[in-house]
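Here are the chains, one letter per residue:
Number of protein chains: 4
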Amino acid sequence: MSIGVGVLGTGSIGADHARRLSRRVSGAHLAAVFDVDPHRLSAVREELGVAGHDRAEDLIEDPAVEAVVIASPGSTHTDLVLACTEMGKPVLCEKPLAPTTKECLQILEAEVGRGSRLVRVGFMRRYDRGYVQVKRAIDEGNIGVPLVLHCIHRNLTAPSFFTSDMTMTDAAVHEFDVARWLLREELVQVAQVPVKRSPLVPEPLRDPQVVLCKSESGVLVEVELFVSSQYGYDVRCEVVGSTGLASLETPTTSAVVHRGLRIQGIAPDWQTRFALAYLDELQDWVDGLRSGHTTGPTAWDGYAATAVAEACMRSDDKGGWTAVSLVDRPKLYW
Amino acid sequence: MSIGVGVLGTGSIGADHARRLSRRVSGAHLAAVFDVDPHRLSAVREELGVAGHDRAEDLIEDPAVEAVVIASPGSTHTDLVLACTEMGKPVLCEKPLAPTTKECLQILEAEVGRGSRLVRVGFMRRYDRGYVQVKRAIDEGNIGVPLVLHCIHRNLTAPSFFTSDMTMTDAAVHEFDVARWLLREELVQVAQVPVKRSPLVPEPLRDPQVVLCKSESGVLVEVELFVSSQYGYDVRCEVVGSTGLASLETPTTSAVVHRGLRIQGIAPDWQTRFALAYLDELQDWVDGLRSGHTTGPTAWDGYAATAVAEACMRSDDKGGWTAVSLVDRPKLYW
Amino acid sequence: MSIGVGVLGTGSIGADHARRLSRRVSGAHLAAVFDVDPHRLSAVREELGVAGHDRAEDLIEDPAVEAVVIASPGSTHTDLVLACTEMGKPVLCEKPLAPTTKECLQILEAEVGRGSRLVRVGFMRRYDRGYVQVKRAIDEGNIGVPLVLHCIHRNLTAPSFFTSDMTMTDAAVHEFDVARWLLREELVQVAQVPVKRSPLVPEPLRDPQVVLCKSESGVLVEVELFVSSQYGYDVRCEVVGSTGLASLETPTTSAVVHRGLRIQGIAPDWQTRFALAYLDELQDWVDGLRSGHTTGPTAWDGYAATAVAEACMRSDDKGGWTAVSLVDRPKLYW
Amino acid sequence: MSIGVGVLGTGSIGADHARRLSRRVSGAHLAAVFDVDPHRLSAVREELGVAGHDRAEDLIEDPAVEAVVIASPGSTHTDLVLACTEMGKPVLCEKPLAPTTKECLQILEAEVGRGSRLVRVGFMRRYDRGYVQVKRAIDEGNIGVPLVLHCIHRNLTAPSFFTSDMTMTDAAVHEFDVARWLLREELVQVAQVPVKRSPLVPEPLRDPQVVLCKSESGVLVEVELFVSSQYGYDVRCEVVGSTGLASLETPTTSAVVHRGLRIQGIAPDWQTRFALAYLDELQDWVDGLRSGHTTGPTAWDGYAATAVAEACMRSDDKGGWTAVSLVDRPKLYW
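Protein chains in written order, with this note's numbering: chain E, 1096 to 1429; chain G, 1096 to 1429; chain V, 1096 to 1429; chain X, 1096 to 1429.
Treat the hints as calculated values from the structure; they're not laboratory data.
All values reported here derive from a predicted model rather than from experimental measurement.
Just so you know, even glycine gets a beta-carbon here, dropped at the ideal spot from N, CA and C.
Since no wrong hints were added, every one of them can be taken at face value.
DSS-like, lysine-lysine: derived pairs with alpha carbons at most 25 Å apart:
{"hint": "1", "chain 1": "G", "residue 1": "Lys1426", "chain 2": "G", "residue 2": "Lys1184"}
{"hint": "2", "chain 1": "G", "residue 1": "Lys1197", "chain 2": "G", "residue 2": "Lys1426"}
{"hint": "3", "chain 1": "V", "residue 1": "Lys1230", "chain 2": "E", "residue 2": "Lys1291"}
{"hint": "4", "chain 1": "X", "residue 1": "Lys1291", "chain 2": "G", "residue 2": "Lys1230"}
{"hint": "5", "chain 1": "X", "residue 1": "Lys1197", "chain 2": "X", "residue 2": "Lys1184"}
{"hint": "6", "chain 1": "V", "residue 1": "Lys1291", "chain 2": "E", "residue 2": "Lys1230"}
{"hint": "7", "chain 1": "X", "residue 1": "Lys1184", "chain 2": "X", "residue 2": "Lys1426"}
{"hint": "8", "chain 1": "X", "residue 1": "Lys1230", "chain 2": "G", "residue 2": "Lys1291"}
{"hint": "9", "chain 1": "G", "residue 1": "Lys1197", "chain 2": "G", "residue 2": "Lys1184"}
{"hint": "10", "chain 1": "E", "residue 1": "Lys1184", "chain 2": "E", "residue 2": "Lys1426"}
Over 12 Å on every C-beta distance to chain G, these chain V residues come out as not near it, computed from the model:
{"hint": "11", "residue": "Arg1118"}
{"hint": "12", "residue": "Leu1136"}
{"hint": "13", "residue": "Asp1157"}
{"hint": "14", "residue": "Ser1211"}
{"hint": "15", "residue": "Pro1254"}
{"hint": "16", "residue": "Val1296"}
{"hint": "17", "residue": "Gln1366"}
Go ahead and model the full structure; you've got the sequences and the hints to work with.
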């Protein structure tokens, strides 16, 4: 009755998913792992005592693998997702669903062709207790009509290969999804705002970046992205409504006071900040697989977030507002 | 490889443990449940699709049950724990281990007789992230030598059958265990302090209560217990050291601002406040069972906490400081 | 030795200044008041037992008036300031110094012609303890190089005559001055961002508004202005630097917890929020008059803030970035 | 019309009062100062350009001195207060009114003999915005019936001459007055609780100390005093009522985040923490002198607080609860 899950990609986040499937999720077990890097692969195999595959295809076709978590680099997602859906195997795909809308649309077409959803996208923030409370405050009418969203997304440091576009496809997509989810609307226009570069950031990375988005009804979503803030991992969200505001608070659980200072720790990374959200996301996915109920962010959500990121990357060259091009939403996603 | 766990007692906390074992814990499954109340029993059986037993003994002897969670009323704990240990089955026993030290000592003797530990006590706060941070601040020397602990334990309301003694055996034992764990010392003296009764509390319940404890090295532990605070479930702890302080903060994850007020929710109950701690406690116990490593609060911890509660109940009649009588700690618990 | 101060305009803020001069400021006394509205004038005269004038000129020429606070509507400021400086009488002029740069420049010319500064502008936030701490954190290098400022300025409600331009000249000038003061740089470009209108705001007021500014070195200053937030008076400022951030916190001094909620009050208005800053500003001005040391925001600061507001109003019609036109800064203001 | 005020004692707090009278209070001026230490005296005279007296009596008799602030050591208060009241000069006497109830009673008798109040005691906390809000929450019934007060009073370090009794007469009296004022009741019993000594404190000072008090209606007031906390000046108060709680929060106005830490400053001393309360206290006193309305803490309040401190010092020798002996309250103080 336990579901066998395979994990494609055992880098930082993939290894974490593998550990959770192996040790923390009920109703599922880690069936197999794959990584292009044989050292990384064998490290995870050894740590978790799990079977490994040399090729992603082998894992996908492995009969012990009933569902797949995709945590490989974004550029590989489309092929892997399509291979899974072709086999009829449910997928939890880390964000971005794919780095381009063109690829995302291939996935949508495949799902629409099948007539059922198999793909969930790893927008784990929807499982974070704070975000859920913010959403509830909006939905219950406690703040009136949402008018402005202020979003902040900061990382401690960025890896050396990080690019300005990756800030959009890898970091900002979280914010775009959150805004769409909280507002229950698509983002239809974007604009990049020039910001002073941090002197600590290597050229040509632009960091921080500020992006403006407009929703269908005109809500302004302002997003600051700073992937090398040097101080920690910090995600905040303040929704300003016509009669009040709802805000995501930096979670605090303890404080130390000494030498004239009151000190609280900031999470160093997303693993720490969203530990419980990741766990709840995975458990909810597994529960859904077992019960046959499909919930959570869909391929459409992945596509829409990528479409906003793509518009941001285009807007960078042109200035001013840039339209987000979205196809009509297939019935499958209503 | 998955461990079959039986749950004795399917009241509020027992049903929660059963749900977690059924749905959230990795490496274990819910094998069977028992409750004296057939309605309550069948409700849980139906909800979770699990086997039930009419008698606790039958569950303990059930070969599908490899380990047992005891969540029945405190007065039944001793017999059930002893029945489990006799069968060599590991036990996670909800607090209190037993309401009297006499009973606790029977359990200690049984374990010492066997020569190995089978019993863990459900002091789940040791798994709470905030408490762990407070402990780390102490252990790392950030606050110097601990001198005073201020502990607050408030519940929304108490059930009608609740007594002043239950405040000690059921609520205060958590605080006593926390103090012992943070200080790495036994509490050796206690004193009850007269407090004005809440006019909303039915006679003869004394509520709130304030208790003072002294540790072996002289640290003062001041505990306020208010089981019908009317406002929510609120647990706080401030450790004052010679150079600073460490404090457990009420966790906050979001805020709403409207009508001139900034508003944050208080947890209504322990299930909400310590949801993650309960989950981590259970997972850690299961992990330990599978790996053969025994960790977590022992029967000795359960005994020591009950001994402090017992001294508090005695002190009530006499006034002044009352000694906590503890037997010598058997080697098994060092 | 006590300095006689006259107050021009006894509306909300003028009456407050009169009260402070009468009751809270050391080394000065309220010498006379003037208001165009005879009822308002006599109310203040009666409350404070002070002489009144029917014409502003009479107050300015009154020998008992050694220094003047101007708190009349912005459109009257220039004439009044010039009348004062002509008489050689020091002025504390409420913001804006004047609603247009053309007028501000007349004041600058008058001061430069005299060769000395007589005019201080009422940017009282520079005296707020929180802002001073934020500035110190920047100046001491605790956050590295400032890169982005997030400013929020919200009022409970706006008077019925309030216009979108007044949001810039009366509210946003505070933010522009704060940004210039914190960054020690001029703001040289601005852009207005379209925002969804609050459904509770009467046409044609645009509310909230979001304005972007760029400083000389490229720092982005993002300002949200919401004059009818419905929830209270809320001013915040977060300065993001290359290695950390400094933030102005909403001052809190107490909390009430009941019915499952932790509740803290939000200031209803600027009088409450900045009570101490107004007092310290006035005392500092009086101290400077007595000691002959001139400090605080100058006419140049008033001019520069109005220039940014003016650019915002222009930018509204054109879209995109609009340059802030500033004359060369006269030596008098270095 | 400005009231001439003389200051007796120009140590830390006396010099601060002199500065406020000289620079910050409206309607009064610093008329003269006295200190037994000629160096300290001349330093203040020079700094503030004020007349000085070699003998306290001379200052009290000085016709330019219409009212007196007493900030000399507590042991000198009684004689000085009595000399002032004999001259009919109003007094603001720093706490303690006097170190013993015997002395306090002499002052009460003198006032009662005159038939009018001339003495106010420097319990400035009653002017602190946070305490005022806590009091309002109680008075408006937001927390039901008060049942328990938790009070914390910590200083950075204590001077070398500080004694365990001074903790009661100089520090704890503030807490006793706050409790009486918030509860509108006298404290009638006290008990000292043994606490582990800080290893950083020189013998024979006991530090921290914990004191319990009971009010007439049975409210428990628990006070922790730690005069050498090493970390800063920290005063807190939590009033637990039958339906909720009101708490004094440590005021925060800004925060800095860097290196993974969110950092807020703690006030180093009472001057910083209660700067505004001291100013408001002095202004209110001067306003009352000018208007003829007498408000604020009376000699009775000073006596009652000293009576509690005295009982604490007695209780130290005997153990258990000690009664606070209070004479009947003269009508003058109702």
